[in-house]
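Visitor: The listed protein sequences derive, respectively, from chains P and V.
Throughout the first sequence, residue numbering follows the working numbering, covering 1 to 572 in sequence.
Throughout the second sequence, residue numbering follows the working numbering, covering 1 to 360 in sequence.
It should be emphasised that the hints constitute simulated quantities derived from the structure, not laboratory data.
For glycine and all other residues, C-beta sits at the position ideal for the given N, C-alpha and C.
Where hints are given, some of them may not hold.
[Stated by the list, open to error] Beta-carbon label-pair distances, calculated as ranges:
{"#": "1", "chain 1": "V", "residue 1": "Ser62", "chain 2": "P", "residue 2": "Phe386", "range": "33 to 39 Å"}
{"#": "2", "chain 1": "V", "residue 1": "Ser204", "chain 2": "P", "residue 2": "Leu374", "range": "36 to 42 Å"}
{"#": "3", "chain 1": "P", "residue 1": "Thr333", "chain 2": "V", "residue 2": "Pro93", "range": "51 to 57 Å"}
{"#": "4", "chain 1": "P", "residue 1": "Phe386", "chain 2": "V", "residue 2": "Pro93", "range": "27 to 33 Å"}
{"#": "5", "chain 1": "V", "residue 1": "Asn232", "chain 2": "P", "residue 2": "Arg187", "range": "52 to 58 Å"}
{"#": "6", "chain 1": "V", "residue 1": "Gly344", "chain 2": "P", "residue 2": "Arg191", "range": "34 to 40 Å"}
{"#": "7", "chain 1": "P", "residue 1": "Phe89", "chain 2": "V", "residue 2": "Ser204", "range": "48 to 54 Å"}
{"#": "8", "chain 1": "V", "residue 1": "His176", "chain 2": "P", "residue 2": "Leu308", "range": "57 to 63 Å"}
{"#": "9", "chain 1": "V", "residue 1": "Lys187", "chain 2": "P", "residue 2": "Leu374", "range": "47 to 53 Å"}
{"#": "10", "chain 1": "V", "residue 1": "Val175", "chain 2": "P", "residue 2": "Phe386", "range": "49 to 55 Å"}
{"#": "11", "chain 1": "P", "residue 1": "Phe89", "chain 2": "V", "residue 2": "His176", "range": "42 to 48 Å"}
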Amino acid sequence: MSSRFTPAQLAVALLIAAFLVLFLIVPVLTVVYVAFADGTGGFTLSHFASFFHISLMRESFRNSLYVAFWSVVFASLIAVPLAYFTARFEFRGAALIQTLGVLPLIMPPFVGAVAMQLIFGRSGTVNLLLGEWFGFTLPIMDGLNGVIFVEALHYFPFILMNLVVALNNIDSSMEESAQNLGSSGFRLFRRIVFPLAMPGFIAGAALVFIKVFDDLGTPLVLNQTNMLAPQAYLRITTIGIEDPIGYVASVIMVAFSLFALWASTWVMRDKEYATLQRGYGGLAKRRLGRGQSVLAYAWILLVLAIVLAPHLGILLLSIAKVWSFSVVPDSYTLEHYATVFQDSPRMIWNTVFYCGVAALIDVVIATAIAYILLRTRIPGRQALDFTVTMALAIPGVVLAIGYLRTFRDIEIPFTGELLTTSWALLIIAYAVRRLPYALRSCVAALQQMHVSLEEAAENLGATKGRTIRRIVVPLMAGGIAAGLIVSFMTAAVELSATLMLVTAQHDAPMSYGIYLYMQSAAGRGPGAALGVLAVLIVAAGTYASHRVIARRGTREAQGGIAKVQEIQTAGA
Amino acid sequence: MEALRKVKVEVRNVSLAYGATKVLHDVSVTIEPGEFFALLGPSGSGKSTLLRLIAGFNQAQSGQILIGGEDLSRVPPWKRDIGMVFQNYALWPHMSVAENVAFGLEERRLPRDVVRARVAAALELVGLKDYAERRPGQLSGGQQQRVALARTIAIEPKVLLLDEPLSNLDAKLRVHMRAELLSLQRKLGITTIFVTHDQEEALSISDRVAVLDHGVIQQIGTPMELYDHPANRFIADFVGTINLIRGRVEPNGDRARFESPLLGRIELRVPVTGAADAEIAIRPHALVLAAADHPGDAGRVWVEGVVAEREFLGEFVRYTVKVGDAELIADAPHFIGGASRPPGARVKIGIDPAQVKLLS
Chain P
1 MSSRFTPAQL
11 AVALLIAAFL
21 VLFLIVPVLT
31 VVYVAFADGT
41 GGFTLSHFAS
51 FFHISLMRES
61 FRNSLYVAFW
71 SVVFASLIAV
81 PLAYFTARFE
91 FRGAALIQTL
101 GVLPLIMPPF
111 VGAVAMQLIF
121 GRSGTVNLLL
131 GEWFGFTLPI
141 MDGLNGVIFV
151 EALHYFPFIL
161 MNLVVALNNI
171 DSSMEESAQN
181 LGSSGFRLFR
191 RIVFPLAMPG
201 FIAGAALVFI
211 KVFDDLGTPL
221 VLNQTNMLAP
231 QAYLRITTIG
241 IEDPIGYVAS
251 VIMVAFSLFA
261 LWASTWVMRD
271 KEYATLQRGY
281 GGLAKRRLGR
291 GQSVLAYAWI
301 LLVLAIVLAP
311 HLGILLLSIA
321 KVWSFSVVPD
331 SYTLEHYATV
341 FQDSPRMIWN
351 TVFYCGVAAL
361 IDVVIATAIA
371 YILLRTRIPG
381 RQALDFTVTM
391 ALAIPGVVLA
401 IGYLRTFRDI
411 EIPFTGELLT
421 TSWALLIIAY
431 AVRRLPYALR
441 SCVAALQQMH
451 VSLEEAAENL
461 GATKGRTIRR
471 IVVPLMAGGI
481 AAGLIVSFMT
491 AAVELSATLM
501 LVTAQHDAPM
511 SYGIYLYMQS
521 AAGRGPGAAL
531 GVLAVLIVAA
541 GTYASHRVIA
551 RRGTREAQGG
561 IAKVQEIQTA
571 GA
Chain V
1 MEALRKVKVE
11 VRNVSLAYGA
21 TKVLHDVSVT
31 IEPGEFFALL
41 GPSGSGKSTL
51 LRLIAGFNQA
61 QSGQILIGGE
71 DLSRVPPWKR
81 DIGMVFQNYA
91 LWPHMSVAEN
101 VAFGLEERRL
111 PRDVVRARVA
121 AALELVGLKD
131 YAERRPGQLS
141 GGQQQRVALA
151 RTIAIEPKVL
161 LLDEPLSNLD
171 AKLRVHMRAE
181 LLSLQRKLGI
191 TTIFVTHDQE
201 EALSISDRVA
211 VLDHGVIQQI
221 GTPMELYDHP
231 ANRFIADFVG
241 TINLIRGRVE
251 PNGDRARFES
261 PLLGRIELRV
271 PVTGAADAEI
281 AIRPHALVLA
291 AADHPGDAGR
301 VWVEGVVAER
311 EFLGEFVRYT
321 VKVGDAELIA
331 DAPHFIGGAS
341 RPPGARVKIG
351 IDPAQVKLLS
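The following block holds chain V by itself, in its conformation from the complex (with noise of 0.2 Å):
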């Protein structure tokens, strides 16, 4: 199978409602020719509602959707050419493989062997040509949701859409998944949106990243982006593991002041207009656990606790620390013979301010 056409899509301003149900509201994204963009959120952020919104499946209330810029506001879906893979898969459990597959090319009208050809390509390029006589009900949830893909591609579709495409496959078999989506994406090179709750999966294969929450995008950016410089509270908190303290922002020069009651004064490297009350942001791997003897340093701000829990995760334990009211979450890598420190451990950890975001 040849590369697609890659093809823009321009989300803009588009707000629906159900009833007095705000679903999105006015949302606006552009997803670039190529692009691997990944919709992220929680159940009920609405980021399953956008996308079939793009498929033609909901009405917005206001606002356009543009395919290669061309307005589909008012297109059925049977005539927008962009391929969905749902999240159930929905094959048709009375049709066989090849006659899932061949269901589009049939609606096209296209001749008997173009279908044929084009039905053998699509489950060559899924790894799936031996199966094209089985019924879907015969293969794994991985084979049924290869078909699902073949179906799709074999429309050669401006878009390809995913639904939580790796929600039903196991453990294991999503990280394998999840690679081979990529590499069909760039191999195909169409503009592919897929939507996900799993923000490891999202930040592992998108280009960029949209995060929702009740409707509202609340960041768009690349995966590190998000996770190095999150927008607001929401996305430093749904992106990753972080903790986040409480305290006071003033000015202090061009840099500015933070000062909480768990770690006293910390200069930030950023400017701030005036006095405040602020939150910072701190990923766990960003502090460093020591012995309660350890001497500190002056490039950190160290503060001491005592260990209350003690997560074991393989590459680095997770110690959740107790400093005065607050807890932290602290990881410390893992190697063989390394220092583990149970519950009850006196500790001290070290904060570099470089390492600190300030939420606005």
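For reference, chain P alone in the conformation it holds in the complex (with noise of 0.2 Å):
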């Protein structure tokens, strides 16, 4: 590049760099600081001596170290065949497979927890048919089995996702050297081709365990309240912000996250990707042999079935008149959804606004995140990434504390309005948690196109914005699209910092009303129907967003199938 950067550019990242600051690091800091804090301004430990004093804090913080460890071990389970044999094998609906997978995402997991419990619960469809039939349950829900079984359910698409991108990066050669040198079957997916997939692996396995550390609606739901999450914000909505215990609790949740987060990456120090080749092929995909396809469609399917159960639980609750004791409702209404329609129509109008907002904000951070950090040299722009990457490991009640004890008392200029009640500072928080999704896509995006694409059109006299607006942000229009996408599905279903930060009920979104709903035992059903509502809206916009980048895609496509024919012709 021909300076180092513009002025332009540099007042762009001062502006996102004061964002960020104001909006995490000043908000997290102040409750780390609170957690360290006597009364005087003085550094004390006192508070974290009086937390691990109290038996239900510590029983709170095993609990939740146990809960994160095997969710992430059961969501290994699930994740990886499941990988692996859409990534590897010839499979009919191998693309429908890792579809539905993603499924569980775009349903909050506290609404599938109640969903969960009218399936797998004591008294749910499962252990009432297993009692009928063969005299014993399963105590799949009971107590933190419940919130284990849920939270891998819900998160294990993280570790899939991550997975077969690793899996597709790996070029052919790598496993066609290794077959040629003798090795296959087990062995060859034991030595070669599992490791050269490690990243994805740690990297979405780390993931599971910083979302289920952080989880705050599925404990409360389940009514598993001896945990970190659930404690830090009962403390602070019962006894008040001034609490201490609740910014312990607070500091720890950030303290295992950030470690979660550090360990992934030294784990993979020094290791090199196995990335893919331009023009070279991924793994080639295997046909499996007949014994070996019953076994993986058999497991396949039984997956499949136990991951939309909720969503099929939730379907059916919401329009189940009555359901309990029972292996399905006995009778059926529409009328939860007459009730959802006439109560909360101003809630689902939120949850779009914000979630759409919160969505754009972030992949217009995103990119420019994205392009100061891999086309500038602007000081100290790793700082930029590091601190975004930062915000995955802190937890949504930690961020909604920071901020109600930060801007307490301030007001939002002209309209006198209190920063800490007002909805935008919802979407703030909604911005700021999903920017480390978006900002990972965007950077993907750019990483995959060659520089000289720019410098061609910086040749031909292009200045360097009309380059980013010409050539840059059409060429990354993919990667920016499945930001968006993945910031707002993810905000949708966001309920932790919703919880806090919500104060009057016409702010609310969709994810605190489905909350409140699923409080009483009456509200189910329409909290139920709201959270199919949900899932619509989440799918509708995932699917229009999908027909865009489509839509870019066919042409490519079309040309690969012109050039085919032109090969074709030329041959006859």
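Take the two lone chains and join them into the complex the hints point to.
Guide: Right under this line is the structure:
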């Protein structure tokens, strides 16, 4: 590049840095500060001491670690075979499986939790059938088991998607040379394929650990409040914003999430990614033998059945008149939907509006950071990337506590409204929490773009700004759209920050509404109906963006077809 | 398309380093208006860096670059009017062929009909006028390169830069495109600089060549000058195939006497100032290969050896001949029914002192 950076680029970088400092760094540091500060501003460990003196807190700490660990184990057991089968073998419906695997992500885990109790609970569908036919029941949803089960089912797609990408990125020559040297079957997988895909697995597993540690809604709905996130939430909401124990719990959560994030990169240090060379194929897809086919399909169908159970359960619940102590509901009705449409159109609008704006903020910032990171030499540009990535490790509860503490008494200019009671803060919280996803997506898109495409534009007379508009952004469109979808999707199901930051009913998004409904047995029907609507909205948004990407894609695809035809006619 | 104004390019004492790594060291070269000029060197020699410097994508720590007498050091790439064809062509996949070619004209805010006319003319020139609505992905490698070329010359640049233009093409197409590039350049008359690591490519089409190694220009000259009078050991070795023989040189009247264990004594028709260790170079085809019982003649120095390897290259056969502890490469022209000497055969090699080049 001709120069290190332009003034405009620097200005954008500074603006983004200011945003991150104000809405991420300062709030988190405030939480840390309160956890370590005595009343006079000095340093103290007494809050930590009193935290560990409370037996409930010690138990919560242990439970959170226990749940996070086993969730990662079970999520891996589901994801690894799915990823391997679909990425590696010729398989009917592989794309469908990978798409269905993403489904759990678009339904809030706590919504699923209610359905899971109805299906897998002590008196749920499965145990009723088991008890009737075989005379025993499984304690799948009892206590922490339930949390682990729900979390593993909800978050395994993180491992699945990362692993599939990693597997698809393995150059076929890597595997072929191993086969050429005599390796095959499971040994080939264990010695070559899995190690090469390891970065994907580790990244996914770390993410699952962090998300489970951070999840507030699921334990609350399953009434397992003896975990860290619920305790932090309960302390702050019941005792008050001044209670230091909530801050200590927050700091512990941040510390463990950061540790997981750091460990995942530490494990992979010095390990080289096997990336695909342009023009070379990924792993060759093989055919399964007959027996293998049956086994693979059986496993996949079983997993899919369990994965889809909460969705089916929620759908049933939303149209059930009564459903308790029975395999399926006794009678059906649509009145829950009527209730929801009467009660909460405002919430539906709020969700679309908040998450849409947050996702837009995310892709704009993410595109800018990706460009600054990869195409300029602004000093400290890595710090932007690093800070955004750190946001992954900040639980929603912690960020919300930080916001409430940092911005208390601060008014929005000209309106006189308190920032902490405004929906604007909720949008900012969503944007900050989802920024890492958008950033990864945009960075990947820009990384794939050869810099000579931009140099060619400059060489032909386009300034940096024009080049960004005419070349960079259009070519990044796929990555930007993907970032937009993921940010929107995951923000729509966000509950932990939502629960703490929503102060007025009419400002609440759907996730909050679903949670409120689910609190009472009578509200479960409408809650489920609202859940179904949330899934539909997210799915519609996803489909729309997919269409946009696909339209760009088909042109390339048509190009490919035209080329094939050209070759065929030339041959004839 | 009409002939373009011919412009002179001057690179004056340019040095460039990335941290402690010196990429270009005090490089000076003048490229005459309308010249087809090659920058030749192994990878990492700094040749691409020099090209990118001229295009404005790198910044030199010192020195000047003058295009048509004007110092461009402070001018950003988009104001330079220097067309560059990238090694990977850098065609934008989200634009059609015509949109790609129109880009630079649109950036110059030319009226729409002018843009359309010049796009058509440029595509016509490279023989792709029927491909205007295709996407780059639908074209073959050779066609993509023509589009890249059309896109660059459409803006009627002052200078044309080609970065390894032929490296992504297959061998047959490479030879074809090389002739086409040359004829296009002659037609437009545009000063053209191209970077290559392939000495055959550089020698075959350029008016002059600058050979770079480790960021330093080793020699500038016409292809024949480089081949016949390599300035140093690097050039001798890099340009073409050559035999290098170590020995000692001392003055002998107005000539030189070169003495080596391999060849004994030979008289060279060049003056030297004093005795010194030296090296002589001789091309394989300048060696005469004969049967072991060949009587020899007075004009040549003859040595005996044994064929170690034989490579059949069509026009000639390349023999590696073991002479004492050393090996000499000798090319013998091949004709139908001509002699072929198998490995192990005893042979004689005749060396004409007039074909020997003393390296400094």
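Visitor: Hints first: check each against the structure and report whether it holds.
Guide: Verification of the supplied hints:
no.: 1; hint: V/Ser62 with P/Phe386: 33 to 39 Å; result: holds (35 Å)
no.: 2; hint: V/Ser204 with P/Leu374: 36 to 42 Å; result: holds (39 Å)
no.: 3; hint: P/Thr333 with V/Pro93: 51 to 57 Å; result: holds (53 Å)
no.: 4; hint: P/Phe386 with V/Pro93: 27 to 33 Å; result: holds (32 Å)
no.: 5; hint: V/Asn232 with P/Arg187: 52 to 58 Å; result: holds (55 Å)
no.: 6; hint: V/Gly344 with P/Arg191: 34 to 40 Å; result: violated (47 Å)
no.: 7; hint: P/Phe89 with V/Ser204: 48 to 54 Å; result: holds (51 Å)
no.: 8; hint: V/His176 with P/Leu308: 57 to 63 Å; result: holds (59 Å)
no.: 9; hint: V/Lys187 with P/Leu374: 47 to 53 Å; result: violated (40 Å)
no.: 10; hint: V/Val175 with P/Phe386: 49 to 55 Å; result: holds (51 Å)
no.: 11; hint: P/Phe89 with V/His176: 42 to 48 Å; result: holds (44 Å)
Of the numbered hints stated above, those contradicted by the structure are hints 6 and 9, listed in ascending order.
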